[in-house]
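Chain residues, written in single-letter form:
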Amino acid sequence: MFLQNPKSQTTYDVIVVGSGAGGGMAAYQLAVAGLKVLVLEAGRNYDPVRETPMFKLPREAPLRAGGTRDKPFGFYDATVDGGWEVPGEPYTQAPGTEFRWWRSRMMGGRTNHWGRISLRQGPYDFKPKSRDGLGADWPITYQDLAPYYDKTEMLIGVYGGDDDLENTPGSPPGVLQPAPAPRATELLAKKGCTPLNIPVIPAHLAIMTTRQDASSLPRKLHPGNRLAQRVLAQSMRSRQACFWATPCGWGCSIKANFQSTTVLIPPALATGNCDIVADAMVREVTVDNSGRANGVSYVDKLTRRDRHVSAKVVVLAASACETARILLNSKSSAFPNGLSNSSGLVGKYLMDTVGAGLQGQIPALENCPPHNTDGASGMHMYMPWWLYQQQLAGQLGFARGYHIEFGGGRGMPGGGIFGGLENFTNGSYGKRFKEDARRYYGSFMFFDGRGEMIPNEDSYCEIDPDVVDQWGIPVLRFHWKWSEHETRQAAHMLKTFSEIIQSMGGKVVGGRVETDGARAIARGGQIIHEVGTCRMGTDAQSSVLNQWCQSWDIKNLFVTDGAPFVSNADKNPTLSILALAWRTTDRLVEELKRGNL
Amino acid sequence: MAAMTGLPVLASSLAAQQPQPINRPAVQFPIVGPRGTPTDPDLLHPKKDWPRKLTPGELATLAVLVDTIIPADAKSPSASAVGVPAWINEYVSAPYDGQMRDLIRVRGGLVWLNVESGKRFGKTFARLTADERTRICDDICYLPKARPEFQSAARFFDLVRDLTAVGFYTTDAGMRDLQYIGNMALPKFAGPPPEVLKHLGLA
Numbered sequence: 003m004f005l006q007n008p009k010s011q012t013t014y015d016v017i018v019v020g021s022g023a024g025g026g027m028a029a030y031q032l033a034v035a036g037l038k039v040l041v042l043e044a045g046r047n048y049d050p051v052r053e054t055p056m057f058k059l060p061r062e063a064p065l066r067a068g069g070t071r072d073k074p075f076g077f078y079d080a081t082v083d084g085g086w087e088v089p090g091e092p093y094t095q096a097p098g099t100e101f102r103w104w105r106s107r108m109m110g111g112r113t114n115h116w117g118r119i120s121l122r123q124g125p126y127d128f129k130p131k132s133r134d135g136l137g138a139d140w141p142i143t144y145q146d147l148a149p150y151y152d153k154t155e156m157l158i159g160v161y162g163g164d165d166d167l168e169n170t171p172g173s174p175p176g177v178l179q180p181a182p183a184p185r186a187t188e189l190l191a192k193k194g195c196t197p198l199n200i201p202v203i204p205a206h207l208a209i210m211t212t213r214q215d216a217s218s219l220p221r222k223l224h225p226g227n228r229l230a231q232r233v234l235a236q237s238m239r240s241r242q243a244c245f246w247a248t249p250c251g252w253g254c255s256i257k258a259n260f261q262s263t264t265v266l267i268p269p270a271l272a273t274g275n276c277d278i279v280a281d282a283m284v285r286e287v288t289v290d291n292s293g294r295a296n297g298v299s300y301v302d303k304l305t306r307r308d309r310h311v312s313a314k315v316v317v318l319a320a321s322a323c324e325t326a327r328i329l330l331n332s333k334s335s336a337f338p339n340g341l342s343n344s345s346g347l348v349g350k351y352l353m354d355t356v357g358a359g360l361q362g363q364i365p366a367l368e369n370c371p372p373h374n375t376d377g378a379s380g381m382h383m384y385m386p387w388w389l390y391q392q393q394l395a396g397q398l399g400f401a402r403g404y405h406i407e408f409g410g411g412r413g414m415p416g417g418g419i420f421g422g423l424e425n426f427t428n429g430s431y432g433k434r435f436k437e438d439a440r441r442y443y444g445s446f447m448f449f450d451g452r453g454e455m456i457p458n459e460d461s462y463c464e465i466d467p468d469v470v471d472q473w474g475i476p477v478l479r480f481h482w483k484w485s486e487h488e489t490r491q492a493a494h495m496l497k498t499f500s501e502i503i504q505s506m507g508g509k510v511v512g513g514r515v516e517t518d519g520a521r522a523i524a525r526g527g528q529i530i531h532e533v534g535t536c537r538m539g540t541d542a543q544s545s546v547l548n549q550w551c552q553s554w555d556i557k558n559l560f561v562t563d564g565a566p567f568v569s570n571a572d573k574n575p576t577l578s579i580l581a582l583a584w585r586t587t588d589r590l591v592e593e594l595k596r597g598n599l
Numbered sequence: 013m014a015a016m017t018g019l020p021v022l023a024s025s026l027a028a029q030q031p032q033p034i035n036r037p038a039v040q041f042p043i044v045g046p047r048g049t050p051t052d053p054d055l056l057h058p059k060k061d062w063p064r065k066l067t068p069g070e071l072a073t074l075a076v077l078v079d080t081i082i083p084a085d086a087k088s089p090s091a092s093a094v095g096v097p098a099w100i101n102e103y104v105s106a107p108y109d110g111q112m113r114d115l116i117r118v119r120g121g122l123v124w125l126n127v128e129s130g131k132r133f134g135k136t137f138a139r140l141t142a143d144e145r146t147r148i149c150d151d152i153c154y155l156p157k158a159r160p161e162f163q164s165a166a167r168f169f170d171l172v173r174d175l176t177a178v179g180f181y182t183t184d185a186g187m188r189d190l191q192y193i194g195n196m197a198l199p200k201f202a203g204p205p206p207e208v209l210k211h212l213g214l215a
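Chain order of the listed sequences is R and X.
Quick note, our numbering runs 2 ahead of the 1-based positions in the first sequence.
Quick note, our numbering runs 12 ahead of the 1-based positions in the second sequence.
Do not rely on the hints blindly, as some may be mistaken.
Unchecked claim - What follows is a set of in silico ranges between Cβ atoms, one per label pair, in the way DEER data are often shown:
hint: 1; chain 1: R; residue 1: VAL470; chain 2: X; residue 2: LYS60; range: 57 to 63 Å
hint: 2; chain 1: R; residue 1: ASP468; chain 2: X; residue 2: ALA202; range: 54 to 60 Å
hint: 3; chain 1: R; residue 1: ALA520; chain 2: X; residue 2: ARG47; range: 37 to 43 Å
hint: 4; chain 1: X; residue 1: ARG119; chain 2: R; residue 2: GLY507; range: 55 to 61 Å
hint: 5; chain 1: R; residue 1: ALA336; chain 2: X; residue 2: MET112; range: 51 to 57 Å
hint: 6; chain 1: X; residue 1: ASP184; chain 2: R; residue 2: PRO180; range: 48 to 54 Å
hint: 7; chain 1: X; residue 1: ILE116; chain 2: R; residue 2: THR94; range: 28 to 34 Å
hint: 8; chain 1: X; residue 1: MET196; chain 2: R; residue 2: PRO180; range: 17 to 23 Å
hint: 9; chain 1: X; residue 1: ASP184; chain 2: R; residue 2: ARG52; range: 22 to 28 Å
hint: 10; chain 1: X; residue 1: ARG47; chain 2: R; residue 2: GLN392; range: 52 to 58 Å
As the list claims (entries may be wrong) - To give a feel for the contact side, a few chain X residues facing chain R, derived at Cβ under 8 Å:
hint: 11; residue: GLY48
hint: 12; residue: LEU55
hint: 13; residue: LYS60
hint: 14; residue: PRO63
hint: 15; residue: TYR103
hint: 16; residue: MET112
hint: 17; residue: PHE133
hint: 18; residue: THR182
hint: 19; residue: THR183
hint: 20; residue: ALA185
hint: 21; residue: MET187
hint: 22; residue: LEU190
hint: 23; residue: GLY194
hint: 24; residue: MET196
Said to hold, decoys possible - With a straight-line cut-off of 20 Å between C-alpha atoms, the simulated SDA-like cross-links for lysine to any residue are:
hint: 25; chain 1: X; residue 1: LYS210; chain 2: R; residue 2: THR196
hint: 26; chain 1: X; residue 1: LYS65; chain 2: X; residue 2: GLY95
hint: 27; chain 1: R; residue 1: LYS303; chain 2: X; residue 2: THR51
hint: 28; chain 1: R; residue 1: LYS433; chain 2: X; residue 2: ARG145
hint: 29; chain 1: R; residue 1: LYS497; chain 2: R; residue 2: LEU198
hint: 30; chain 1: R; residue 1: LYS192; chain 2: X; residue 2: ALA215
hint: 31; chain 1: X; residue 1: LYS60; chain 2: X; residue 2: PRO83
hint: 32; chain 1: X; residue 1: LYS157; chain 2: R; residue 2: ASP438
hint: 33; chain 1: R; residue 1: LYS58; chain 2: X; residue 2: GLY194
hint: 34; chain 1: R; residue 1: LYS433; chain 2: X; residue 2: ALA138
hint: 35; chain 1: R; residue 1: LYS58; chain 2: X; residue 2: ALA215
hint: 36; chain 1: R; residue 1: LYS433; chain 2: X; residue 2: ASP79
hint: 37; chain 1: X; residue 1: LYS157; chain 2: R; residue 2: GLY421
In case anyone wonders, no lab produced these hints; they're calculated from the structure.
Fair warning: this is a prediction, and the values are worked out from it, not measured in the lab.
By construction, the Cβ of each residue, glycine as well, lies at the ideal position given by its N, Cα and C atoms.
Model the full assembly from the supplied sequences, consistent with the hints where possible.
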């Protein structure tokens with residue numbers, strides 16, 4: 003249940019810090035396993051069912067719902083109290099670093115506004131160093147995580163096709179829901195990509211195209227667990243399939259897409275085993291004299307008072323950088339460098355996704371017969387990385403790949419519509435402008451690359467020695483550098499998009515295609531896929547966590563967000579965070595039952 | 013809610029076999045809702061209530077300009093008929109850095125328009141004939157081709173054209189003009205109809 007303060011008489015089995023992807027999954031799995039769980043969430047309680055502005059129009063919102071400093075992704079975006087800045091909670095950067103850190107302070111965290119793109123990591127992605135000598139290997143293989151990918155996709159509802167390509171695993175039959183029909187723009191792009199040998203296949207998104215089978219899936223996902231089956235069946239029955247309107251980034255009041263707040267938290271609460279305290283800003287994990295974690299200290303944001311709550315096990319899922327921050331701030335005489343940091347690697351090997359994009363104007367799309375193209379808000383198709391062989395042979399000049407997301411066409415008119423049109427119309431206005439608008443509307447498309455970064459020694463976060471936030475908690479200072487593997491990849495992205503646009507008979511908007519990858523690449527953090535600050539590994543000197551995302555130093559401490567990632571493949575991290583969190587909590591429950599924690 | 017133990021048995025007899033209707037949450041969330049701050053506004057009841065800064069005179073000049081950019085035609089009304097001047101006033105009055113900079117550009121540009129009209133034709137911009145307005149606007153409608161003495165006026169025109177387009181095409185009349193179809197619940201997403209595939213050479 004929701005509490006203002008945790009029950010003082012209760013010693014919880016597990017405290018979960020964070021209610022996003024990893025925290026929500028941990029809370030759900032631990033609660034259905036019968037453990038007493040307390041979730042501490044830094045943001046306010048948030049209910050998409052009640053709060054999502056379904057069907058709202060831009061004209062009803064201030065500034066036609068365009069982005070502002072307060073709501074950078076637009077007025078209707080689900081993010082609460084966050085974005086690139088969180089009021090009263092600064093972060094700093096080392097000189098020469100440009101890192102942007104997105105945080106959402108709300109129940110469910112960034113799962114409320116994320117893009118829902120759900121791609122499995124492939125076999126290469128778990129052993130990149132073995133393959134090309136760069137970065138580090140995960141201590142697990144694709145086969146170790148595959149059963150959890152299967153279960154996670156069935157649990158949350160993911161659509162996709164049956165493609166199974168090199169390092170782009172498909173799912174077993176019956177796991178994915180049917181992908182929606184491709185849009186006209188997507189078919190046109192596929193045609194343009196054919197002569198370039200770029201595959202265009204159904205995307206995988208955590209959006210339901212059919213209702214879930216609540217009579218059979220719960221038994222499949224939780225064999226022998228009647229509590230789990232009951233709450234999950236109830237939850238699945240409460241979710242509708244997508245009705246093809248309202249962007250997912252606003253949230254979803256019919257629960258058609260995945261957000262922790264609609265898919266994981268409600269069944270966790272329904273078990274009766276889970277308590278949640280919102281507006282709780284965790285500062286540190288506390289340990290007893292034997293070096294075991296014994297609870298968590300946090301600031302109650304409503305009263306601004308310090309509180310402590312005890313538990314047998316602590317799970318951190320505050321997001322990769324916040325989790326590292328908590329550990330580094332958990333200093334004591336026994337642990338002067340912070341908790342779980344005997345390797346010195348907490349905060350290190352921070353990674354984000356390589357991003358670069360291009361827009362094209364496609365004459366074939368002009369004067370297209372009007373039709374509804376809203377669809378599933380995200381892309382129905384995408385291009386997986388296709389140059390594995392050439393890359394391994396050293397022909398590309400950079401070591402890792404990227405996938406391509408794309409879109410455009412006849413979307414809802416909003417802020418920014420027809421910006422730059424004058425470059426196609428010689429600055430028309432008046433009657434001609436209206437005619438040009440009708441002609442060009444729907445003929446613009448964008449292409450964005452999302453690629454793999456190799457972890458490096460110069461990209462990490464640490465505690466700033468001087469600055470604390472409004473809760474008295476020392477803040478993070480970021481260090482960031484791209485290597486040539488990333489900048490060359492970004493340049494390759496733009497070159498590829500330019501070829502696709504030309505193959506479609508179109509023109510690159512702006513004319514010039516940037517060839518300098520360092521100028522093309524998005525800033526660190528800008529793609530909002532930070533992972534890697536507490537990496538897993540095979541030994542305590544070269545990693546923070548073991549293969550179960552369990553701290554080497556503190557046995558009853560686990561991490562279930564993106565911090566454990568050893569690499570940041572060209573597959574958006576959330577699905578892997580969810581699958582890994584399930585695997586980790588299975589282990590946690592076993593170990594607790596065996597008395598090993 | 014009392015004891016944590018023995019709950020599965022109790023709950024399953026309570027829950028019985030009652031099918032859950034769609035959208036009734038299994039657990040009641042306490043109603044917190046938005047706090048109504050700039051970073052946590054009420055999305056269901058949006059507010060645009062900052063003070064408006066443009067004067068009636070500026071709005072009158074603006075109305076003539078936006079109608080020069082988007083006039084009425086057979087398919088849809090003019091920009092001023094759908095409230096574009098008030099929209100621009102909303103935009104340039106907004107308390108954010110970018111909009112505050114744009115306020116200066118818009119105000120300066122409106123003055124420039126009247127000065128230029130006075131120089132060329134001895135009248136204010138609002139009093140010009142359509143032909144006279146065209147002669148001025150043609151000099152400032154495309155930044156890359158505008159003469160040096162018209163560069164800043166061209167930036168002003170570009171900004172107002174962008175704002176006019178946003179203001180117009182986000183109205184119901186504007187969306188109808190473009191024939192945007194969407195923002196409606198559908199049981200299924202059908203792919204593009206045959207006439208679209210034919211138009212795109214994909215049939």
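_Interface hint compliance - GLY48 of chain X to chain R, C-beta minimum distance less than 8 Å_ = 12 Å, violated
_Holds or violated: the 22 to 28 Å window for the beta-carbon distance between ASP184 of chain X and ARG52 of chain R?_
Given a distance of about 27 Å, which is inside 22 to 28 Å, the answer is holds.
*Taking the least C-beta to C-beta distance, is LEU55 of chain X closer than 8 Å to chain R?*
4 Å, holds
*ALA336 of chain R versus MET112 of chain X beta-carbon gap, inside 51 to 57 Å or not*: 52 Å, holds
_Taking the Cβ atom of VAL470 of chain R and the Cβ atom of LYS60 of chain X, is their distance within the range 57 to 63 Å?_
36 Å, violated
*asked:* Hint check: LYS58 of chain R vs ALA215 of chain X, CA-CA at most 20 Å. Holds or violated?
replied: 35 Å, violated
*asked:* GLY194 of chain X was flagged as interface toward chain R. Is the shortest Cβ-Cβ separation under 8 Å?
replied: Interface hint status for GLY194 of chain X: holds (4 Å vs cutoff 8 Å).
*Does ALA185 of chain X pass the interface hint, meaning its C-beta sits closer than 8 Å to a C-beta of chain R?*
With a minimum Cβ separation of about 11 Å from chain R (threshold 8 Å), the hint on ALA185 of chain X is violated.
*Does LYS210 of chain X pair with THR196 of chain R here, judged by a C-alpha cut-off of 20 Å?*
Holds: LYS210 of chain X and THR196 of chain R sit about 19 Å apart, inside 20 Å.
_ALA520 of chain R paired with ARG47 of chain X, Cβ distance criterion 37 to 43 Å_ = Because 41 Å falls inside the window, the suggested range holds.
*Is it true that the C-beta distance of ARG119 of chain X to GLY507 of chain R lies inside 55 to 61 Å, as the hint says?*
43 Å, violated
*Are the Cα atoms of LYS157 of chain X and ASP438 of chain R separated by 20 Å or less?*
19 Å, holds
Comparing the model with each earlier hint shows violations of hints 1, 4, 6, 11, 14, 16, 17, 20, 31, 35; every other hint is respected.
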